Structures are given as C-alpha cells and as structure tokens.
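Student: Here are the chains, one letter per residue:
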Amino acid sequence: MRHGKYPLIVTFLVPPVLLYVVFVVSPYLQTFQISTTSWLGYSAEADPVGLANFTALLHDGRVWNALKNNAVLLAVVPVLTITLGLFFSTMLSMGGRKGRAGVTGVRGTAVYRMVYFFPQVLSVVIIALLWKEVYHPNSGLLNGALRAVGLPAPTWLGDPRTAFWCVLAVMVWSNVGFYVVLFGAAMSAIPRDIYEAVLLDGASRWTTLRRITIPLLWDTVQVAWIYLAIAALDGFILIQQMTNGGPNFSSDVIGLRMYETAFGSESKFGYASAIGVVLFFLTLSVAVLALRTARRDRIEYS
Amino acid sequence: MNRRDILRRTAAAGLLATPAAGLLAGCATGGGGDDDKGETYKGTKSEQNPLGVKEDAPLEVVIFNGGFGEDYAKAHEAMYKEKYPKAEIKHSATQEINKTLQPRFVDGTPPDVVNNSGAGQIDFNGLVSQNAIADLRELLDAPSLDVPGKTVRDTLLPGAVEVGSYDGNFLVLNYTYTAYGIWHSTKLFGERGWQYAKTWDEHIALCKQIKAAGIAPWTYAGKHPRYMSWPLIATAIKFGGPSVATAIDNLEPNAWKSDAMKTAADAWYQIVKDKYILDGSPGLDHVQSQTAWCQGKAAFISCGSWLENEQKKVTPEGFNMTIQPTPSLGSGDKLPFEALRGTAGEPFMVPAKAKNLAGGLEYFRVMLSKKGAQDFTRKVSSLTVVAGSTEGVELPFGLDTVVKALDASGSNGFNWVYNNYYRKLERELVDAACGEFFSGRTSPADFLDQCQKGADSIAQDSSIKKYKRTA
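Chains as they are written, first to last, in full-length UniProt numbering: chain A, 1 to 302; chain B, 1 to 471.
If you're looking for bench data, these hints aren't it; they were derived computationally from the structure.
Mixed in with the good hints, there may be bad ones.
Chain B regions said to be covered by chain A (calculated; three or more residues, Cβ under 8 angstroms) [as the list claims (entries may be wrong)]:
| no. | segment |
| --- | --- |
| 1 | 88-102 |
| 2 | 336-346 |
Listed next, with one range per pair, are the computed distances between beta-carbon atoms [as the list claims (entries may be wrong)]:
| no. | chain 1 | residue 1 | chain 2 | residue 2 | range |
| --- | --- | --- | --- | --- | --- |
| 3 | B | Asp167 | A | Arg62 | 22 to 30 angstroms |
| 4 | B | Asp449 | A | Val22 | 48 to 56 angstroms |
| 5 | A | Arg62 | B | Lys371 | 29 to 37 angstroms |
| 6 | A | Arg107 | B | Lys297 | 44 to 52 angstroms |
| 7 | B | Ala445 | A | Gln222 | 50 to 58 angstroms |
| 8 | B | Gln270 | A | Phe236 | 34 to 42 angstroms |
| 9 | B | Thr470 | A | Leu130 | 34 to 42 angstroms |
| 10 | A | Ala110 | B | Lys297 | 51 to 59 angstroms |
| 11 | A | Trp165 | B | Ala445 | 25 to 33 angstroms |
| 12 | B | Ala93 | A | Phe236 | 42 to 50 angstroms |
| 13 | B | Ala93 | A | Leu146 | 50 to 58 angstroms |
| 14 | B | Gly440 | A | Arg62 | 50 to 58 angstroms |
Residues from chain A that keep clear of chain B, each with C-beta distances beyond 12 angstroms, as calculated [what the hints assert, rightly or not]:
| no. | residue |
| --- | --- |
| 15 | Gln120 |
| 16 | Glu133 |
| 17 | Trp156 |
| 18 | Leu157 |
| 19 | Thr162 |
| 20 | Leu216 |
| 21 | Trp225 |
| 22 | Ile226 |
Computed from a predicted structure; not experimentally measured.
Beta carbons are placed, not taken as given, at the ideal position from N, Cα and C, and that holds for glycine.
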C-alpha cells in the first residue's frame, strides 16, 4: 500500500495549503511590500519610499507608548492567567481533601467548571460591552458596590491611571476559563496513583502543585504561555471597544495604532503596514523566546 | 521522514510559493496606470439635461446607515428613477464605508455616489490627495431642478460650498445643515425658574445656583471629549473674531495659543475648577452622557443639532430641548451673543473614477432640489443646505429652536474646518487634550500647549497634504 501514500497526502494537504497561501501567506508578503511605500489606500498607485516608514516609526512617540503598554500586557497577562488557571483547575480536580478518601475536586466542581467557561462562550465584543457597563462610573455594578460599603467611586475607564489596568483585568478574566479547562484536561491525564502516593506521604496541596502537577503539566503550560503572549501583543478588540486607547493614549496598544493609522483617523496604509511588519517580527520573536526559555525535558508516562 | 527532511521540504515549498504569492500581491496595489477600466457613461448635454446624463446608464448609490437611516435615500433614488425610468439603480447601505469601499477604490471601480460618513468614514485628506473625488463645480452651475431661474449654487445656504472645498475645488457635498451649541431643557429651567445666561459671568453664577439645587450644571462625553472643544473654540472666536478659526484651520504657528484661545480656555476652566461637571463624566461615552442629561442629572451639554434625533428614544415627554449659543465673555467680544457655529455636514461625494459620473452629479441635483430637500427634512428631522427646505414641514421642538437660533445668528455665524482637513487632529490629538483638561488633570496653559503640539505634528508631517482657506 506504500505507493498509495502520496496521492492521499496530496489530496488532503493541497487544498488547505493553497488556502493558507492565498489568505495568509500572500497578505503577509503584501504587507511587507506595502510597508515600503507611501500608499494612502484608495488608489492603485503606491510610491516606493524605501525604509522611510520604519525610520519614522523609530521616532514616533505614540508607537513607543503603545509598545510600552503591550510590554506590560506581555509581562502581566500570561503570568496572572496561568497562575489563576492552574490554581482553579487544581482545586477543581484535586482540591478536595476532607470527607471521602481519594483524589477529588472541591464540592460543586461541575458547576464551577461550567461557570469558569462562560466568558469563553461570549464574543469579545459582548465581553467589552458588558464590562463597560460594569465600570460605568455612576450606574455600574462596581461603583454601586463600592458606594454601598462607603468607599470612593473612581471613574475607572475615564482615568488614565486606571483605564489600562481595568482592561487588563478583563483580558485575564476572559481568558482564565479556557485555561482552567485546558489544564484540567491535562491533569486528568496524570495517573491518579501518583497523587495517591503523594497523599500518603502527607504532602500539602501547595507541595503537590509545585512538585508534582506543574512539572507534569509543563508542556501544556508552555503552550498556554505562547498563546497568551501572542494575545498580549494584540488586545485590540477589548481596547478599541472599551477605551479606544484613551484617555490621553494611556491604554493604547500597537494593534489599535495600526488600525487608527489605516482605517481610523488617517488612511496611511503604507505606514500602518510598517507597524504590521514590526508587530509580525515582535510576535515571532516572543513565540520563539517563549519556546526556548520554557524548554525542559519531557516526561512520558508509561 | 526525519525532521531535517521535513524542514528542507517546507523550505522548498516556500520558495515555490513565493513567486505565486508575488503575483497575488500584485493585484492589491500594483497595476497602477490603467485608468481606462471599462468605459464611462456619457449622454448628450441639453437644456433639459445640463450634466449630460446617459438616460439608461445604471447608477450605484452607497449610503451610510447611521442616524438618518436609508429611507430618505431610497426616496431620492425614486425621484431620480422618475426622471430616468430606464436607469437601473443599485442601492446599498452600510456602517463601514471605508472597509466596504476601499478595495473598489483601489480596483478603480468605485460606486457613483458615496455617503462618506460615520465612524467608518474614509479620511478626506487621503482621498483628496489621491485625486479620488470628482469636482462638483459643474453641478453648482447647473440650473436647479425645481427652482426656476436659479442655479444649484444660488439655492444653497451660505457656507455650504466652502466646507466641501479643497484648494478651490468643490469636492464634497455636505448635505445637512448642522448647528453646534449648548443645549438645555426649557422644561427643567422653567420649573426651577432659571434663565439661560448670555454672559460668562452670569453663566458661572447660574452654574452655582444649579449646583446648589442638587443638579450637576454640566456633563460631557468623556470618551469623546472633543465635544467640549466646540463650545471652547466658539467662545474664543466670538471673543477674537473669525480670524481665530482661520489661523487654526491654516495650521499657523501658535494658532492654538492665541490670546482669544487663552482667554476662552481660562474661562472654561472655571467649570472644571469649581466642579460644575457631573461626577464620573470622564468615564461616560456620548450616549451615556446625553442620557444622563435627558434624565435631568445635568443641566447643560454641548452637542450638534443631531442631538434631538439621537436621543429620541430616551427623551421624556415635554423635555423641550433647546439650543443656545455660547455665552459672551464680555462687551469686548467681536461677535454678538447670538453668533452660532453653523456648518454643512453629512458628506456625499462622487468618486473621480465613477462609471456614471454624470449620473452621480445628477443624483446630487435631485437631492438639492426643493422637493428632495423637503422630503429629507420631513423624514429625518434635520435641516439641509438647501434654502427654504423647512417650508411647509412641521419641525420637532429642538429642531425648531435650531432654526430660530440660526436665524438670529444670521451673517454672524462662524465655522471652522480643521476637522475636515485633518481628521486626526480633532479625532485623536485635540480629543486627548480635551480629555485631560475637562477632567481637571491639566491647566489651561497645558491644554493649549497639548493642542498646539498636535497641530505642529500635523504641520510637520510631510505625508499629509495641507490646505489653506482665506475666510
């Protein structure tokens, strides 16, 4: 049957690869080409300007400001999301200690699992609108609660000191559920007898998590890390819907800068493409770095 | 197959794919120069047909589906069809003008009429500098469709042509007539015995009184704080004369730091300093702030004359919203209290590469006929740039106050257009500065400084085409 292998592979691979080339690879290449022009987007002529867009980028304070915010997202969002995700999924699959013997989750695990997954079912735009109302300075849930207990009520999205962090919190909130499920699934692949042995040895929950669960989950955590790092370099939809980068550019991100430059307040497609190219290399380097630094020996159960 | 093999093969596949992708890339921007994609439709000019419309040529109209909806346009299309029964009209409406039409502009096959408006508006500076819009002057000199003995130009309100002109070419037909001012509810004011103040000192005194009554004097759209730049600049223009606006529009050095702007910013700072603004306003968007105002939580709000239509669903019965000009700073003002910012808005254009260019112009002639304009005013409760379009139309309360305010303002009316020339300057830069200023985080001097820096950054950007106006 060996001779029949190639036709099969070709039939299955050619259509998706072709689609990928047409809809993903070719726009990417085009972006590279457009980034070296001063194209304004509404005529067929684009004047080549060499690397002028990139030198302009280097001196564009707004772009640097946006990149700074993305750097903060990159540093905070993955760590927070993975920590919370690990914590919740541990509690759900092996947090229960009292009562029956054996390894079980906390009471009501099934309900929690569902509730955590809710944000994942909603579209990002809905999440943004929902939280915009939660953060509403006068009639929002958050300030309502704060006022009820006599605390001051900030303007949240209207204050440059808090706006960015408010969106960051939503970003973590909307991502955690997925990773709870992901880590939960990975944990169920860990043989139960390991945990039973650990239990017999009298290890605390914390030690179990640190010494047993995380090392055995490392592959999954690594994947989560890369996904979240890429998400942190984006953040466009939430920011655009909730603050549109404001107040005073305090919550700007690079994706929004690119959008505003091409479709928003200007139509500089050449310059926006240059931002896109920079973002492409940033994402690529972050992904490679995350893979490299997180590399460890793989453990296989046999 | 080991890993190295796979890598080698993918690399080879990549090399093969590159030229193919290069060909694909060619179709987005390349191909410049072939202007003669298909023929354009031309008819013979005559007295009945001054623009030379080919009577059976199809006409494609794209409408921004926003606050005005699309029904008014369908009515205009029916009027066009009445005149040219053989013409096929293709109508479509969208909220995303730029994303829908960008590929068609690049391809050289744009529609014949575009209502370039809304948040997805295509930046006019970009369009004009790429020569993508047709000159409409031929339309202005054509006779009006239903006002005998007058050209289209003669039927328009003052200022309508200037707003759509770039370097002397009339490129953009702004169809509606919009007034910008300060709004209040005469019901609320009547119940409380308050009177709208004509001078700034009285205004501040009134604010004090309103605040003492437990109502916030002001609110504004904190997410779009540029709404507050309108009354501030208006105050400056009334104080220093229309040259204040010309300097700003022409990006003159330190135009934002003129004495008039300084005086106006200092005056407006009073409402910030004395906390005459509804708590939490910096965190509200335009709908939220306007709704708070309609609920009587604040007394004043700055907006254009679309406010009444936009708030239709939440305005209480008998609220009676009323527009008023900004208060005068003092007797030294160059313009009287009644002077109001009135300007043509809601832009329409005919792309330069439209196949049925003459038909597009003719469609504008239908819109600008008395019948077309009156139908618009009746359908969407908004004024048009056509003089007398309100005749025989019963206006809602707020719009009626707009008409009266514009009448009172008369030849003292003023306007600025830097927001049309340089969309980014108002939408991003002045917007951000207003956000800082009206939330009390910067001083008047810092505010003007930030605006000036924004204007300077536009002036220094050689990739942005610059425009000048004289008056």
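Student: Cut-off 8 angstroms, C-beta pairs, minimum 3 residues; does the coverage of the segment 88-102 of chain B by chain A stand?
Tutor: That given contact holds, which follows from 3 residues of the segment 88-102 of chain B lying within Cβ reach (below 8 angstroms) of chain A.
Student: Is the nearest CB of chain B more than 12 angstroms from the CB of Trp156 (chain A)?
Tutor: violated, 6 angstroms
Student: Three residues or more, CB to CB closer than 8 angstroms: is that satisfied between the segment 336-346 of chain B and chain A?
Tutor: violated (count 0)
Student: If you check the beta carbons of Gly440 (chain B) and Arg62 (chain A), does the distance land in 50 to 58 angstroms?
Tutor: violated, 24 angstroms
Student: If I take the minimum Cβ distance from Thr162 (chain A) to any residue of chain B, is it greater than 12 angstroms?
Tutor: violated, 10 angstroms
Student: If I claimed the Cβ atoms of Trp165 (chain A) and Ala445 (chain B) lie 25 to 33 angstroms apart, would that claim hold in this structure?
Tutor: Since the Cβ atoms of Trp165 (chain A) and Ala445 (chain B) sit about 30 angstroms apart, the hinted range of 25 to 33 angstroms holds.
Student: Does the beta carbon distance between Ala445 (chain B) and Gln222 (chain A) stay inside 50 to 58 angstroms, or does it fall outside?
Tutor: Since Ala445 (chain B) and Gln222 (chain A) have Cβ atoms about 52 angstroms apart, the given range 50 to 58 angstroms holds.
Student: Hint says 22 to 30 angstroms; check whether the CB-CB distance for Asp167 (chain B) and Arg62 (chain A) agrees.
Tutor: holds, 29 angstroms
Student: Taking 51 to 59 angstroms as the stated bounds, is the beta-carbon spacing between Ala110 (chain A) and Lys297 (chain B) within them?
Tutor: violated, 45 angstroms
Student: Is 48 to 56 angstroms right for how far apart the beta carbons of Asp449 (chain B) and Val22 (chain A) are?
Tutor: Taking Cβ atoms as reference, Asp449 (chain B) and Val22 (chain A) lie about 50 angstroms apart, which means the hint holds.
Student: Just checking, Trp225 (chain A) versus chain B, shortest CB gap more than 12 angstroms?
Tutor: holds, 23 angstroms
Student: With 12 angstroms as the threshold, tell me whether Glu133 (chain A) passes as away from chain B on beta-carbon distances.
Tutor: Non-interface label on Glu133 (chain A) violated, nearest chain B Cβ at 9 angstroms vs cutoff 12 angstroms.
Violated hints for the displayed structure, listed by number in ascending order: 2, 5, 9, 10, 12, 13, 14, 16, 17, 18, 19.
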